[in-house]
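Colleague: As a plain string of letters, each chain reads:
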Amino acid sequence: MSLLETRGVTRTYGKGTTKFDALRGINLQINKGDSVAIIGKSGSGKSTLMHILALLDHPTTGSVFLNNEPTSKIKNKALNKLRNQTFGFVFQQFFLNAQDSVLENVMLPLKIAGVTGRERRTKALAAIKAVGLESKVKNKASALSGGQKQRVCIARALVNDPQIIFADEPTGNLDSATSENIENILFKLHQEKNITLIIVTHDPDLAKKCERQIQIKDGQVVGGTQQ
Amino acid sequence: MRFHDILNSAATNLWHNKGRTFLTIIAVFIGSLTIAITMGINNGVNDYLKKQVGNVGKTEQMSILPGSSSQDTNEPQKYNTKKSSQNADGMMDKNDVKKIKSVKGLKDFKALKDCDVDYVQGPNKTKYIIIAQITEGINYDLKVGHQVATSGKKAQILITKPMVKSYGFKNAQDALGKKVTLVTKSPVTKKKAKISATVVGVRNDSIVSKGFAIYSNGLGEKIIAANQKGLPHALKDKYVSVIATPVNKSASSIKKVEDNLTKKGYSGMTLKEAVNELFLTFNAVTGVLIVFGAIALVAACFGVINTLYMSVRDRTKEIGLMKALGLSKGKVFSIFSCEAILIGLFGSSLGLLLAMGLGSAINNFAAKSFLKGLDGFTLIQFNWSSSLLIIGIICLITFLAGTLPAKRAAKLDPITALRYE
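Going down the list, the sequences are from chains A and B.
Each residue of the first sequence is one higher than the last, beginning at 1016 in my numbering.
Each residue of the second sequence is one higher than the last, beginning at 4 in my numbering.
The following block holds chain A by itself, in its conformation from the complex (with noise of 0.2 Å):
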């Protein structure tokens, strides 16, 4: 079943003599339960994608449809409160408030959802007992090192049940040990939550790691495993 899927979508920034084409019309369709990766080099437009189906950014044509109904019908608030609900996501430089505690941390999106009280520690509490850092609970996310950072990025993105975690070079500031255990921990939530996993990366071996691999060049899908 089609979770997202995009149609024709271009992005262009800039304009006249600065035009600048990110995206060249992509169509791909991502299902529930799927783990993706968006595999390109440098400046080939995976973030851009990434942005657009994670409903940060808006294609210039084309269109993005969630649960077969079009993004583009979405008003503001229900958009904060979709991208709040159902997405969760990972970034490459953890993006924690460092002087924050962990749980502090995690609870973010559930503070931004308005949730409070016991339901919303209780939350916090599973989510980092899930990615393994009950000890660490009280500590300040600055005292971390990068590969606890990450699973609270993880932790954080998985407080909120979401359906979709968008991953943004997860282990591109990770040692090698390190990127493994990030990578089991997420599609170990891949397989026992059945969340749709969509990891943009240029590491081969994580991509391989994946179900599909979508390749982007140039704005355009290249290569991969279409379905």
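Incorrect hints may appear among the rest.
Quick partial rundown of chain B residues pointing at chain A, CB under 8 Å, derived from the structure [what the hints assert, rightly or not]:
1. M4
2. R5
3. H19
4. L421
Where chain B lies over chain A, by a calculated footprint (3+ residues, C-beta under 8 Å) [as the list claims (entries may be wrong)]:
5. 1059-1073
6. 1100-1114
7. 1121-1132
Just so you know, the hints here were simulated from the structure itself, not pulled from any lab data.
All C-beta atoms in this analysis are idealised placements derived from N, C-alpha and C, irrespective of residue type, glycine included.
Given chain A's structure and the hints, the job is docking chain B onto it.
Modeller: Just chain B now, with coordinates in the frame of chain A:
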């Protein structure tokens, strides 16, 4: 995001940048302090005025005197019908009273004659000179007793607190109902006359007729009669002042009446104006303070704007992340507005607290020095409503200052904010 989370986020951020927050708060604090002191003085003065004038009743009662006398200038003044050497002594005659009565907009005229008393004696028989006036029909602020009669023949007197002890009464209560003797003589016959008056009340120290004893109408008439014994009829009509009541009590029409009086060569002033005039100094002080406080607050606004711009810059990534995670523009705006309001709240509260502390110290000092003898005058006073108003206004000002940076934060594009090189 719930309100308390927004508040928490704003407060946490202020706390994480303690130094910066503190410095920003100082400017707000100085503005708040000066404005709070100003307000305190205003409250104090108004409260005292209310006590003094509010109870008096008839505050619009106007007392009319001859216009500028020769004492106002060292230069010899030109003679005209309004201004002669004869009326330069500040006394008025029948014609003056007639002219004053012709001024439109006044009613209930009462021409007051001078009453000279040589000395006064209380129970201990010590002779004292006395400064006094016939009642103007207002309610004098009394420690004990009641007002003197404004008509009729009763010889009654209100004495001041210092007179109580000097005249030989045990205390104010003791003086009530007792007699004092006023001794007067006619300038013509040189014959002494003893007039006995009943003390019916003891005045509190007051700015209204400060230090004056007050005669009842009847007592005044008796003294005048004694004064004028043997005086030719033509000389009997000498008046110190005329009191009258404006028909229309609005400030503008009172002003008009006063202008008309000035044209005719007299000066009129209502009791209210006379009392307000005494507070010109305080008004000047509060005026300067308000300007100073306003300047401090304007400077504080730029401080707040600057601090919040820094805060937005520092938190670009965090804002981007929160927006990516579904936080609305409005909520982002609220977080930064909250930060601005908290700065205003802390600054104004601290300023108010210190103002209260300083206020009580100044009050203590003032009561022992320059305000000595003005009963019931607390120079600096605070009340809940105006304190809350100050806090509210300052919070509003800092909020408005914060809207610029808060708008910038709200507009941040999450993709741009989260881009990394």
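Colleague: Could you run down the list of hints and mark each one as holding or not?
Modeller: Consistency of the hints with the structure:
no. : hint      : in the structure
1   : M4        : 5 Å, holds
2   : R5        : 5 Å, holds
3   : H19       : 5 Å, holds
4   : L421      : 7 Å, holds
5   : 1059-1073 : holds (count 4)
6   : 1100-1114 : holds (count 8)
7   : 1121-1132 : holds (count 7)
Every hint, counting from the list given before, is met by this structure.
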